[in-house]
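Visitor: Given next are the chains, with one letter for each unit.
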Amino acid sequence: MIHAALHWPEVEDASLWPLAVSHAMQLYNHTPNSSSGIATIEVFTHTTSDCQFLRNCHPWGCPAYVLQPRFVV
Amino acid sequence: MAFARQEAPHSWLQSQLPSSNYIVLQGRGRSHSQGSLKRAYPSNQNLTPTQKIWQCWHFKLGHITYSHIQKLALGGFLDRVSMGLLRTKIAGHPKCSACQFGKQTRLPDETTTTIKREGHLGSLKEGQLKPGDRVFCDQLESRVRGRLLHTAGRKLDKDRFCGATIFVDAASGYIHVEFQVTLNATDSINALDSFERSSLHMGVAVNSYYTDNGIFKSKRFVHEIMKNSQSIRYSGVGSKWQNGVSEEPSPSLRLMPAPL
Chain A
1 MIHAALHWPE VEDASLWPLA VSHAMQLYNH TPNSSSGIAT IEVFTHTTSD CQFLRNCHPW
61 GCPAYVLQPR FVV
Chain B
1 MAFARQEAPH SWLQSQLPSS NYIVLQGRGR SHSQGSLKRA YPSNQNLTPT QKIWQCWHFK
61 LGHITYSHIQ KLALGGFLDR VSMGLLRTKI AGHPKCSACQ FGKQTRLPDE TTTTIKREGH
121 LGSLKEGQLK PGDRVFCDQL ESRVRGRLLH TAGRKLDKDR FCGATIFVDA ASGYIHVEFQ
181 VTLNATDSIN ALDSFERSSL HMGVAVNSYY TDNGIFKSKR FVHEIMKNSQ SIRYSGVGSK
241 WQNGVSEEPS PSLRLMPAPL
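Chains as they are written, first to last, in this note's numbering: chain A, 1 to 73; chain B, 1 to 260.
Only true hints are included.
Quick list of simulated restraints, FRET-style, between CB atoms: (1) S22/A - D193/B: 15 to 21 Å; (2) V66/A - L107/B: 43 to 49 Å; (3) S22/A - K103/B: 18 to 24 Å; (4) D13/A - R80/B: 33 to 39 Å; (5) R55/A - K158/B: 38 to 44 Å.
Sample of chain A residues with no beta-carbon within 12 Å of chain B, all distances over it, derived: (6) V66; (7) L67; (8) Q68; (9) P69; (10) R70; (11) F71; (12) V72.
Calculated directly from the structure, the hints in this document are not laboratory data.
Think of the CB as a built atom: it goes at the ideal place given N, C-alpha and C, for glycine as much as any other residue.
Use the sequences and the hints to build the structure in full.
Guide: As structure tokens, then:
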């Protein structure tokens with residue numbers, strides 16, 4: 001939340017802590033271990049992941065825009 | 001691009017951060033903070049393209065260490081562009097002001113001495129080789145009421161999140177957090193049910209729990225555990241280190257929400 005407060009101070013809100021904790025939890029579970037290369041959720045579920053979650057994630061608190069349907073080709 | 005030293009507009013951070021540690025970069029650039037003020041260390045003014053990619057992944061992955069990002073790039077977990085990180089030296093990583101501030105911890109009071117006995121390290125997780133064999137539980141409480149995940153933020157304060165229950169699997173280290181409006185037995189049982197449903201969805205059945213005292217020792221909670229043919233074990237009174245796995249699930253999860 002410090003990163004968001006430094007970069008986008010006008011929208012910083014401390015009451016968003018559940019979203020920050022939830023985001024941190026998901027990142028922790030999906031990030032592969034530096035030594036074994038296996039993510040925690042892979043060990044828990046006995047499955048393998050292609051780390052698409054990591055490639056698609058964004059910095060927490062960054063501005064997001066909704067694409068209006070009339071602009072979708 | 002014009003560089004100008006300015007005061008931090010955020011009042012709380014303004015009082016906390018020493019002004020010599022950051023500068024404000026104003027200008028047009030294709031950074032992820034385009035159109036807004038960007039704070040960085042003076043050494044971050046002229047980053048190489050590789051260092052920018054490195055920093056970008058650092059922000060994206062919840063401020064994990066730069067060496068960890070290098071290893072992920074080496075393993076091919078990140079995109080092809082990040083493969084350039086393999087040629088960089090770890091000493092040349094850019095500084096992150098959020099991390100510098102977020103990793104600050106309270107100084108020891110120098111009145112208590114903690115000695116880790118090598119023979120007992122990891123004894124709580126010993127023998128737990130299958131996911132679901134033992135799950136550690138603990139609760140956290142926040143003074144700031146948190147926004148609900150499904151509303152537009154117009155709820156009354158009493159209907160907002162005041163804490164959460166953390167579940168940590170001993171075998172895998174998997175962490176699950178259930179947010180609660182109150183920390184009473186009813187909400188804790190609901191959190192337990194929600195965790196078990198999500199675990200069963202992933203093919204894991206929970207056999208036993210290891211918790212500290214408090215709401216986990218209430219009659220209704222114990223009855224719920226017994227009804228599901230599970231077992232529960234408590235840490236000693238005042239012995240919070242016996243539930244250390246969920247007290248401090250991981251330094252990364254403990255520190256991650258701060259610099260995010």
